[in-house]
Amino acid sequence: MSAGVSDRMTAAPGQAAPARPRKSTRSVAVRTAVIVVLVAAPPLIFSGYWLFVAAQVLAFGIATLGLEILYGRTGQLSLAHASFMGVGAYTGYVLSQHGYGVPAQLGAVLVVALVTGAIVAVPTLRLSGLRLALVTLAVGELFAWLLTNTTGLTGGTQGAAVAPVVIGSLDSSVPLYAYLIALVPAALATLLAVHLGRTQLGRRMLLVRDSETAARSVGVAIARTKIIAFLLSAVFAGFAGWLYSVVAGFISPADFNLFASVYLFVAVILGGAGSVVGAWLGAAYVVFMPQLFTLMGQPNLYPLIGGAILAVVALLIPDGMVGLARRLLTRAQRRRVTATEVAA
Amino acid sequence: MTATLTPAERPGADDAAPPTIAVTGLSVRYGGFYAIKDLTTALPGGEIVGVIGPNGAGKSTLLNAISGFTPLTEGTITLGERDLGTASTAQRVRAGLVRGFQTVRLMERESVLTNVLVGTQRLPQPDPVSQLFALPRQWRARRRDLAAAMAVLDLLGLGADAERRVDELPFASRRLVEVARVLVSEPSVILLDEPAAGLDRSGRRDLASVLVRVHRDHPSTLVVVEHDVDLVKSLCSHVIALASGALVCSGTPAEVFGDPRVQQAYFGRILDAPA
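So the sequences go chain by chain: A and B. With the numbering used here as the guide, the letters of the first sequence map in order to residues 220 to 563. With the numbering used here as the guide, the letters of the second sequence map in order to residues 1300 to 1574.
The hints are simulated quantities; they were obtained by calculation from the structure and are not laboratory data.
One side only, chain A facing chain B, incomplete, derived with CB under 10 Å:
| no. | residue |
| --- | --- |
| 1 | Leu415 |
| 2 | Gln419 |
| 3 | Leu420 |
| 4 | Arg422 |
| 5 | Arg428 |
| 6 | Ser430 |
| 7 | Ala433 |
| 8 | Ala434 |
| 9 | Arg435 |
| 10 | Val439 |
| 11 | Ala440 |
| 12 | Ile441 |
| 13 | Ile447 |
| 14 | Gly493 |
| 15 | Asp538 |
Note that CB positions come from ideal geometry on N, CA and C, so glycine has one too.
Could you build the full structure based on these sequences and the hints that come with them?
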């Protein structure tokens, strides 16, 4: 044992436990300011199409947060995540076709996402890693097949135009309003994901990811924890899909196929698995990057450059962008401390 | 740990006396090899029990069998009046039986506090919906768990490291984090598998004093598998000596370490006999 620990371990009995170290007011203020600027920037900078793209980032961000809970926190690798987005998108679309309003659509999205999440989660409880990925891949393919073979209901491979929603005076066909409509669920999903990390449920997920043996030793019900993670993830994806359909105004099976699931997975890995900020960075990357290459007139370069970036991150920055930022910050802090000590 | 919490706040407060663990005719077989064969012994309630023996004696297997990590081939294990035969690990934990591991198993990328807080899983926790939507019972549970975690971290000298990531800590501190995770819910039966492994002499001494203090403030049946003879002598009131999966002897440390068979197994000779 290090001397420091040894010394401190002999603290006098009865001595009050120290309060939990809290983040400084300055740190909280800086974070809040950064969030406000990031949220307010798109409507100030963009207009028209690019504001729609920003709204799509918000929709994909919610889905990425769901996958971050399932993979980043619980260690369950799913390649059917875009299918759950599709479940939400098509549930909303079908109900809107029958004249149901937003509350009914959202209620149905919640129920259908929970049911489909349970249908996938329960039989795959004992699977993990590559085997779970393969089974969820099969689920995704099955969903794509269903979409393309129920043309009367879903529009099949031709896709379907989704009617814009009107919430109060906000019409989702107007770019600014689409962004504002997307902002509310995005904020709620982010708060929920952050709060989850402070709950026993969130900690259970982390322990299941890192050591199922340790999880058993403290009484964690591993199967139940995995199911809850799957359901949460499916609900996040379902709402994200609904939001995407409303913002984009058009959906087709190609939006929710295997490649879409892989892109969501890429978003989690690039951003940094296990991090809410990472999920948002990853979502922004996978939505904006292809658009930027298209803007530059080089859309075919994106798969090449994107693949290279992913390889570099996987090889050199396993913690993703957030991990890299954390490392650089720690290094800068160490340098500052060293400089202060030298000056003293 | 208990010094800073009121009785109502004490997480695992339990008025019942710490239970005795009775092992009867226990056999554990891996393939054709018996790790434990026909073992009958008792781990007295409320005592600090040391389980000693050379490598391969069956010490860790005994802990695994008691905690439900290894199925029994034959025999029974009872916790107080309760037969643990078919109980799952989660049921055993709820009954107050929590264990640590020989190899530290922590969430390396998470903070010390998170690692300890997860140990409060044994305590009544709000349902997932209450947790997710931050209902009042969630905040009450969170306050209780935070107080317990900070108190046990303070006791182990890790209070200042609460927000540090575990992978930034030296091995000895990580070992203590796992001990903290076991202690935080104040279980009535604590099973520790070589908790002092990797600690230096002063670290082992301090760990022993902390365990004695925890045991004094919150009586439990504390079972420690340990190789360090001095630690067992200073810490334990009852010792069980195993060899080749069978009981050699049990009793007070003086009785057990004075037994020629234990001396032979541990030191290769009988200590008061001519070399």
